[in-house]
Amino acid sequence: MSTAARFDEIVHAPNRLQVCAILSAVDSADFATMREALRVADSVLSKHIRVLHEAGYVDLHKATWAGRVRTSVSLTPAGRTAYAGHVAALQAIVSNEGLQPGAGLQAGQP
Amino acid sequence: MESHSGPGIGATGMETGEAATALAAIDASRSWLADRAIAPCWYHPAFGLFAGAVIAEAETRSVMLSAWSVAVYTIACGGLMWWNQQRVGVAVQYFDRRTRAVYAAHVLALTGLIAAACWLGLGREVPGAFLAAGILAVPLTVAFGRWTDRLLRVRLRAG
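In order, the protein sequence lines correspond to chains A and B. Under the working numbering, think of the first position of the first sequence as 1, with each following residue one higher. Under the working numbering, think of the first position of the second sequence as 1001, with each following residue one higher.
In short, the hints are calculated from the structure, not lab data. All values reported here derive from a predicted model rather than from experimental measurement. In this text, a Cβ means the ideal position worked out from N, Cα and C, and glycines have one as well. Please note: incorrect hints may appear among the correct ones.
[Said to hold, decoys possible] Reference listing, derived: stretches of chain B covered by chain A, where coverage requires no fewer than 3 residues with Cβ under 8 Å from a Cβ of chain A: (1) 1089-1103; (2) 1138-1150.
[Stated by the list, open to error] Label-pair distances were calculated between CB atoms; the ranges are: (3) I1075(B) - A63(A): 56 to 64 Å; (4) P14(A) - A1116(B): 52 to 60 Å; (5) K62(A) - T1111(B): 51 to 59 Å; (6) T1021(B) - V40(A): 45 to 53 Å; (7) R68(A) - T1074(B): 24 to 32 Å; (8) D59(A) - E1125(B): 31 to 39 Å; (9) T81(A) - S1066(B): 46 to 54 Å; (10) A13(A) - A1158(B): 18 to 26 Å; (11) G67(A) - A1158(B): 33 to 41 Å.
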């Protein structure tokens, strides 16, 4: 089943798009791994994760092991749908197909 | 936001080039992830040595020693997999249809090797049968392990 193309401005920000791209391929990823992937500071990544979390696109999990708190992030079903729709929208733009009627920019830009 | 239309501009007002750049960034992230998932060169040989040692150890014909070596093998394999997951920093569904098939083939191959060793070593009293099977298990495990890894990397890259 193909995903309906839907441009999502929350997902579209470059760092958040990278976060979603990585999370969509895995069950969850450590915060440290995400920071390494994006090559950004903790605060920058935290900000983007918070935006995705507030949109209901990611879940945060904290686990303590050997006295250290380890934070991992995973995409929610809503996040997977939004990401898949956004990728489909990008592909539609690239292939000059355009978007489905009514599938314009999603409101809720933080 | 205002929408535009025209050559190279989608319904969202985004230029084709910008969309292509975003798609390229997605590909780059996926490639980064797939590269990160590559296990160190010694990883699969370590599994091979564990498996080989357990099989070769049966040459001693000691049930107690065999039971201990299976327990140590299980803990060592579990520890190595846990360590690798910590290193990569992601939790991923390791098995899909293809990797499950490769894993099943690996288990079948090792089972066949052990069965042959049992037939030769226990049934026909051929000396060194388990030792030979243990030695053969090493490259077998390395080959199947790297095959599974390759499939996983392709899956991660494809998304």
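Checked hints:
Beta-carbon proximity to chain A at under 8 Å applies to 5 residues in the region 1089-1103 of chain B; the threshold of 3 is reached and the given coverage holds. With 0 residues carrying a beta carbon less than 8 Å from a beta carbon of chain A, the region 1138-1150 of chain B misses the three-residue requirement, and the given coverage is violated. A C-beta distance of roughly 22 Å is found between I1075(B) and A63(A), which places it outside the suggested range of 56 to 64 Å. For the pair P14(A) and A1116(B), the supplied restraint of 52 to 60 Å holds, since their beta-carbon distance comes to about 56 Å.
For the pair K62(A) and T1111(B), the beta carbons lie near 42 Å from each other, so the given range of 51 to 59 Å is not met. A beta carbon spacing of about 18 Å between T1021(B) and V40(A) contradicts the range 45 to 53 Å that was offered as a hint. A hinted range of 24 to 32 Å holds for the C-beta pair R68(A) and T1074(B), which are about 27 Å apart. The given range of 31 to 39 Å is broken by D59(A) and E1125(B), whose C-beta atoms sit roughly 60 Å from each other.
For the hinted restraint 46 to 54 Å between T81(A) and S1066(B), the CB-CB distance of approximately 51 Å keeps it satisfied. As the Cβ distance of A13(A) to A1158(B) is approximately 24 Å, the hint placing it in 18 to 26 Å holds. Between G67(A) and A1158(B) the CB atoms are about 38 Å apart, so this pair conforms to the stated range of 33 to 41 Å.
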